[in-house]
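Per the numbering used here, the sequence shown starts with residue 388, numbered consecutively.
Hints may be right or wrong, so weigh each one.
[Stated by the list, open to error] Beta-carbon label-pair distances, calculated as ranges:
#, residue 1, residue 2, range
1, Ile674, Pro633, 31 to 39 Å
2, Thr695, Thr654, 26 to 34 Å
3, Lys445, Arg750, 15 to 23 Å
4, Asp441, Thr654, 36 to 44 Å
5, Thr652, Arg750, 22 to 30 Å
6, Ala493, Ile426, 30 to 38 Å
Keep in mind that the hints were calculated from the coordinates and are not lab data. Ideal Cβ positions, reconstructed from N, Cα and C, are used throughout, including at glycine.
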Amino acid sequence: MPKGGLGGSGKIRKTLRNEQSFLDSSLIWEKFIDRDLDIFWDSRIVDVPMVVLDTRIKLNDYWVQTGRQTGSITTPALQSLGVYSRKTFSYGLAQFRTAFPAQVEASERVWVGLEGGAGQTGGIAAFDVRPAGLFVNSGAGAGFAVTPDISAFAPADFRTAQYHYAVKLNRSNVEFYLEGELRCIVLHACPELAVTPITSGPYYIYGSQWSPFTEMAAFIEIHNTDAAQRVFDLSPDCVRVACGDPLPPRVYRLYDAGTTNLMTTLTIAAGIETSHPVPTLGYNETIFQFKADQQCDIDIEILTQENTWEAYNIPTGATHTEDDWPANKLWSYALTNNGVLARLMVDPDAYPCTVAVAEAVLR
Numbered sequence: 388m389p390k391g392g393l394g395g396s397g398k399i400r401k402t403l404r405n406e407q408s409f410l411d412s413s414l415i416w417e418k419f420i421d422r423d424l425d426i427f428w429d430s431r432i433v434d435v436p437m438v439v440l441d442t443r444i445k446l447n448d449y450w451v452q453t454g455r456q457t458g459s460i461t462t463p464a465l466q467s468l469g470v471y472s473r474k475t476f477s478y479g480l481a482q483f484r485t486a487f488p489a490q491v492e493a494s495e496r497v498w499v500g501l502e503g504g505a506g507q508t509g510g511i512a513a514f515d516v517r518p519a520g521l522f523v524n525s526g527a528g529a530g531f532a533v534t535p536d537i538s539a540f541a542p543a544d545f546r547t548a549q550y551h552y553a554v555k556l557n558r559s560n561v562e563f564y565l566e567g568e569l570r571c572i573v574l575h576a577c578p579e580l581a582v583t584p585i586t587s588g589p590y591y592i593y594g595s596q597w598s599p600f601t602e603m604a605a606f607i608e609i610h611n612t613d614a615a616q617r618v619f620d621l622s623p624d625c626v627r628v629a630c631g632d633p634l635p636p637r638v639y640r641l642y643d644a645g646t647t648n649l650m651t652t653l654t655i656a657a658g659i660e661t662s663h664p665v666p667t668l669g670y671n672e673t674i675f676q677f678k679a680d681q682q683c684d685i686d687i688e689i690l691t692q693e694n695t696w697e698a699y700n701i702p703t704g705a706t707h708t709e710d711d712w713p714a715n716k717l718w719s720y721a722l723t724n725n726g727v728l729a730r731l732m733v734d735p736d737a738y739p740c741t742v743a744v745a746e747a748v749l750r
């Protein structure tokens with residue numbers, strides 16, 4: 388047998404297997420140390436307006452790392468630069484630590500997150516930065532994605548200081564986190580999901596019929612319609628992406644409806660206390676728990692597709708209520724017919740009433 392024959396082929400096959408295994412795992416910076424960025428990313432650039440074919444580029448010419456957590460992507464004037472991971476991620480979690488670039492022209496955009504192919508037809512779950520502020524984008528098919536404006540949660544210096552942004556795709560929703568805090572959740576269900584947007588409280592709630600693909604690539608896109616180049620403060624070290632749980636357990640501390648005040652910080656002075664809604668769509672069980680220092684009547688309400696809140700019915704058909712629940716005793720109830728959204732209603736028998744426990748566990 389000639390020297391290096393099958394043995395050489397074996398080494399090649401082993402190298403290819405190792406490289407494929409390497410690419411099939413999560414996307415973390417340590418993999419970039421001794422490798423070209425183009426191993427991980429497919430990149431292209433195109434003139435704007437986008438009337439010509441895209442041109443493949445060598446990403447290292449545009450995206451550089453200058454320190455452990457410092458680096459930048461430079462987009463030339465009047466160009467749109469797109470970067471897509473070669474690996475797709477099932478129910479992905481995409482995390483970015485960045486400061487978004489200043490924008491001048493009204494049509495300038497920056498997206499970071501997950502996408503199922505250019506044009507959003509395969510779905511998108513991404514932060515969407517515009518001159519007007521910080522938006523998110525979730526859905527599938529041209530014209531079917533929703534684009535909530537979450538600028539109210541954006542730090543004043545989000546274009547000059549780095550912050551942590553995370554997108555998590557789940558079976559029936561997409562979650563958007565800023566500095567570890569859930570700030571928006573978009574619910575997805577066909578054929579007729581209708582949710583009137585809730586744009587108050589600690590996190591906004593939206594609905595869209597068409598869910599993104601369950602497997603999408605991580606992507607970064609800078610659409611620069613200005614006559615000057617744009618420098619995007621983003622290091623390869625600050626992009627982390629991995630596959631995730633399609634239905635991850637969630638724990639929500641309940642908030643006073645329409646505010647960012649936890650119910651456990653409240654002293655109810657009069658009337659009925661209502662919690663901010665909890666997104667229950669897709670979960671098998673939601674456990675509500677509550678305790679206060681006064682005897683209370685407690686009820687659960689669910690949102691219907693007629694946009695009305697209705698008292699939750701237990702399997703016997705009776706309306707679920709807890710009349711005269713004792714003070715200082717933990718109340719716990721497992722909601723199994725979850726619906727789309729659920730909330731807690733508390734009517735104390737005496738005032739003032741101080742809340743000690745108010746939470747929901749989804750599984």
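Structure-based check of all given hints:
| no. | hint | result |
| --- | --- | --- |
| 1 | Ile674 - Pro633: 31 to 39 Å | violated (20 Å) |
| 2 | Thr695 - Thr654: 26 to 34 Å | holds (30 Å) |
| 3 | Lys445 - Arg750: 15 to 23 Å | violated (46 Å) |
| 4 | Asp441 - Thr654: 36 to 44 Å | violated (59 Å) |
| 5 | Thr652 - Arg750: 22 to 30 Å | holds (26 Å) |
| 6 | Ala493 - Ile426: 30 to 38 Å | holds (36 Å) |
Of the hints listed earlier, those the structure fails to meet are numbers 1, 3, 4, in rising order.
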